[in-house]
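Q: Sequence lines, in order, name chains A and B.
To convert, note that position 218 of the first sequence is 217 in numbering that gives the first Met the number 0; the numbers rise steadily by one, no gaps.
To convert, note that position 34 of the second sequence is 33 in numbering that gives the first Met the number 0; the numbers rise steadily by one, no gaps.
Derived by calculation from the structure, the hints in this document are not laboratory data.
Even for Gly, the Cβ is constructed at its ideal location relative to N, Cα and C.
Honestly, I wouldn't trust all of these hints.
DMTMM-like cross-link-like pairs, simulated, lysine to aspartate or glutamate; straight-line CA separation at most 25 Å [as the list claims (entries may be wrong)]:
#, chain 1, residue 1, chain 2, residue 2
1, B, LYS29, A, GLU168
2, A, LYS169, B, GLU103
3, B, LYS372, B, ASP302
4, A, LYS246, B, GLU105
5, B, LYS155, A, ASP244
6, A, LYS160, B, ASP108
7, A, LYS169, B, ASP108
8, A, LYS246, B, ASP156
9, A, LYS246, B, ASP302
Partner residues aside, some chain B positions facing chain A, computed with beta carbon under 7 Å [as the list claims (entries may be wrong)]:
#, residue
10, GLN4
11, ASN60
12, ILE63
13, GLY65
14, ILE72
15, ASP108
16, LYS109
17, THR115
18, VAL138
19, ILE142
20, ALA149
21, GLY188
22, SER206
23, VAL210
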Amino acid sequence: MKLIGLIVVIATGLLLLWGVTDFPDWADPQSPASTHLSPHFLTESIEETAVPNVVTSVLGDYRGFDTMLETTVVFAAGIAVYTLLRRSRRKDLREKPEMIEEELPHQALIVKTICRLMAPFMQLYALYVIAHGHHSPGGGFQGGVILGASFILLAIGFDLKMVLKRMREKTTLVLGILGVLIFSGIGMVCVLLEKNFLDYSALSAILPATDIIMARSHGILGVEIGVALAVMANLVLIYVNLSSDGKYERGL
Amino acid sequence: MSNLQAPILLVTIPLLAAFFAALGGMLHRKISFPIALIAIILSFHQSIIVLLKVVNDGVINYRIGGWMPPFGIEYVVDHLNAMVLVVITFVSLISIIYSKLIVERELPDKIPQFYTLYLLLTTGLLGITITGDAFNLYVLLEISALATYALLALGKDRALISTFNYLILGTIGASLYLLGVGHLYIATGSLNMADLFRILPSLSGNSAVMVGFILIIVGVWIKMAFFPAHGWLPNAYTYAPSSSICLIAPLMTKVSVYIMIRIMFSVFSAEFTFANIAWQTAVVWCSVIAIIGGSLQALAQRDFRKMLTFLVVAEVGYMVGGVWLANEIGISGAILHILNDALMTLCLFLVAGILIFKTQRHQLMDFRGMFRKMPVTMGAFIIGALSMIGVPPTCGFFSKWYLIQGAIEAGRWEFMAALIFSSLVNAVLFFRIIEIGHFQHETDSHDHAEEKISEAPAIMLIPLVVVAIALVVIGLYTNDIVTNVIQHAVPVL
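Looking at chain B on its own, in the form it has when it is part of the complex:
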């Protein structure tokens, strides 16, 4: 039975590499980076294999330990998680190359530990995405959470206190998830997602199942910083070191959205999830508030990183709202937005990282004269910004288009209004920065330190340019992505 081993390899290669990076780092601190890089390249390669296999032949099942599910743990790869797996390994690959110099400067005495945690986080996110077992998901949630706490707390200023805040809330979220899984186990006796999906319809009206559902969904919302549980995110992300934030910010919230979609449609069913219209309305309104509130608070910030973190909060509203519109177009839009938003957020945080690397600051005013000093970085920034606003042909436009169409079809005008409002706010936000960068120059030229700033080194610039190009390419190939991948990932309603 020499099966296709790619599904397990793409998770275990970074895991094993984490151990070897820690061991190798004790010999010499420079060994960790090549180990981590090679592991992530291999993992990326395996995820591509898996995606192609799924697109060509359909769902892959992989039995760990050779046990039949539901007795053993099973990996199930369908179109939805195959896509998310590629996104995770791609983002991880980009930001590990990008952050090499930053790590050496920010954390010179903790390089091996950084790469160990980085690989553990990547493993955790991949494992969450690929697993077909509700409890296995929780274990990986813990791994990724622990690695995230450590990576965020390595930052300066208020990083420790804001990470501690996140640690408390994140732990509550994970506990609620676990408690919910416990409820499901008591009611069904199973932990396998496909098995739960088979059993749960026969238990309609069972209060333990209902409570399990609510606990899991609320737990995941806390993890993804959905309104009103978003309070931890802005500070935790603002003070994080820019080496780790490029991995965490694009992926953590997106993977949580993935968990929510998986639980709603692959453990429970669409009929169960959307049975209660009042619930659905309430969730869409929450996402409306998340979008509008997040955008407005982003507008109020003078710190570039903090502004981006509020945009992350708003984007979570996009995806949750899109899923809870309860129609196929809305859900397609939300799934497409997982892909697009991961890359857009990555692009903007990469720019922020370069800004900090070069100037040691991250205020909006620090963009003064940057178009002259760093034309390539700012070019990529413009593409990222246009995508965030939703200007074609960048990919941000297409997911927003799907979401708006979904809102119209569902008759949720408030959601449509929120989407358009947030696009307008984003336009104001980013054009303000472009204006600062283009037209404002330092008038006081006696500041000689500023004059030395030039373009970032190639090892940081190339990943940024690749991401910026990807934003446009994905936008152009949206149709192919939707027909080959996303269409199969949307549940039949």
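In isolation and in its complexed conformation, chain A is listed as follows:
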């Protein structure tokens, strides 16, 4: 069995090496990836969507549908972990004996203080990353991960109960659903306004003082907020369930 595995691995490796022989050179400006679609995005993006950051305009608008579904992937992962791990029945909760607590008070003090100090700055920075995604690297996924990480840091530094007090199970679930709902809801609003799905230009009809182009920019901001909420909530959901074995008690 091991031998078969080895043969498969070697064959795949050789295949991939052979494939590389016809790749364009590293950073070749004449490669198909840089000449086929990219010039359009680079030159037209600001005129078509009023977003200076091309990555954001491709991610949020030209291929916004992919991004919406990627957010749904995050949601699906969160709900899958929650479904499989969360224990709701009484007898499951009493299954394992309590762990013996071993804590060195001095070390814990340093860790807790640092974590407490860092958390608000992380969250502030996360908001900046989300809001500034139009102009600089960033956006919903990155900001959402930083937001989620701030909660996870607190959960590691203190304990799970402390985080659960601030971010209850229901809140996490609702925020996770709300995030994806904002994104697909904006898409549906466009359909209701008699344009195609996720055609943000339709939003100019309901947003004040926006023309068709600016509506796209605002639409992207709206969906980025949805992405951030979904990513944050689902990261916390996955962490809490994995670390506490679905019991929502002690955590790591």
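The hints should help you fit chain B onto chain A, whose structure is shown.
A: Coordinates of chain B only, in the frame set by chain A:
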């Protein structure tokens, strides 16, 4: 530009409903089911609209976000995927009604989560089928895969470990697909299928394109459990809860076959795919082994569900082999078999679900005396079995007929022999069960629990009967389906 919105609606209605089912389920666990049911009915309705539109007016293009392809993502509905869309929404509709009671019994504390995942899986399969963008397909592949893992792992006994096994293999398959798409992007700079189809012929002999093709096809084969990558399927499907398996077993493999056909003929071309005869021969031989091996292993099983899972493996061999026969009749047969096999598999898994619901067991021996106790269920079982064997006028006969004709035309006698062999094995399999059900009664009558078993409740029986009737009706209207739909879906060779 008030376009036809049906193509996007049929995907986004179940998607939005998944979120609302999760939200509503937090208020009350019984809200999720009506939300899911209504969404799937609406989606089914939209898929019918799309199919009729395609049959009457031809291909539908839908630009998401209003962007011109290849800059934006495009939905393209032609005859092939219009048919598959209807199959998906139909199967989804049938099994959601059917499984209401099972869910309430099997997963009483996880009802909202179940329906959320169920809707996500339906969305994923519909999205895979309808999209005209190679990367968009991958994203939906992920959604459907994640939902499938969770739904399968909810089962009992060894469900978790066998699903984990599937998760590893499924992830490898999806990664290979993504890597292949990456190769194509490096070589062409495009992700739109129609655009790739235009560019790729000018790159013949490019090794990156060749490797991309191989990676994608192998990735999809792992996903559909084609021999020799079929090992994950039987266990993962056997231990799954019967509420979710009725959606997963009929559709996952079929949708993977659809992806393979789409990649072979709509991204690459028939000339490219069938350029290498040695490849083609090797694939047909693999499918021969899949058919014969799957049938023989099915024969060795004493567990009804496990037997069915090996038949699924054999059926995958039918479809892959049919496509790789490389002639129009073979490909028509394979496409027709996507439709027929989805319904046949559904029918048999519905029977298995009722058996488990009533007796809590799923051994072949548990069919003892079932004809007396559950005449309607067993009647539907017989129709499903006859279709699986390939007896006219059930639909299974016609697709097999096309496949055999294709094999003869291509001169692939080994494939024809495998098809006939598997029909014979299926006959043995199912007549054995019919014999157990008809002639063997529990001799030890002191087992009082068994005596109470009666016909299943109507909410489970009606979907089963509808599917059984559909098997016959589709068989009778095969000619119309082929001339109106499938003929247009087959590439010109």
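Q: Look at each hint and say if it fits the structure.
A: Hint check results:
no.	hint	in the structure
1	B:LYS29 to A:GLU168	holds (20 Å)
2	A:LYS169 to B:GLU103	holds (22 Å)
3	B:LYS372 to B:ASP302	holds (20 Å)
4	A:LYS246 to B:GLU105	holds (21 Å)
5	B:LYS155 to A:ASP244	holds (18 Å)
6	A:LYS160 to B:ASP108	holds (24 Å)
7	A:LYS169 to B:ASP108	holds (16 Å)
8	A:LYS246 to B:ASP156	holds (22 Å)
9	A:LYS246 to B:ASP302	violated (35 Å)
10	GLN4	holds (6 Å)
11	ASN60	violated (11 Å)
12	ILE63	holds (5 Å)
13	GLY65	holds (4 Å)
14	ILE72	holds (5 Å)
15	ASP108	holds (5 Å)
16	LYS109	holds (6 Å)
17	THR115	holds (6 Å)
18	VAL138	holds (4 Å)
19	ILE142	holds (5 Å)
20	ALA149	holds (4 Å)
21	GLY188	holds (3 Å)
22	SER206	holds (4 Å)
23	VAL210	holds (3 Å)
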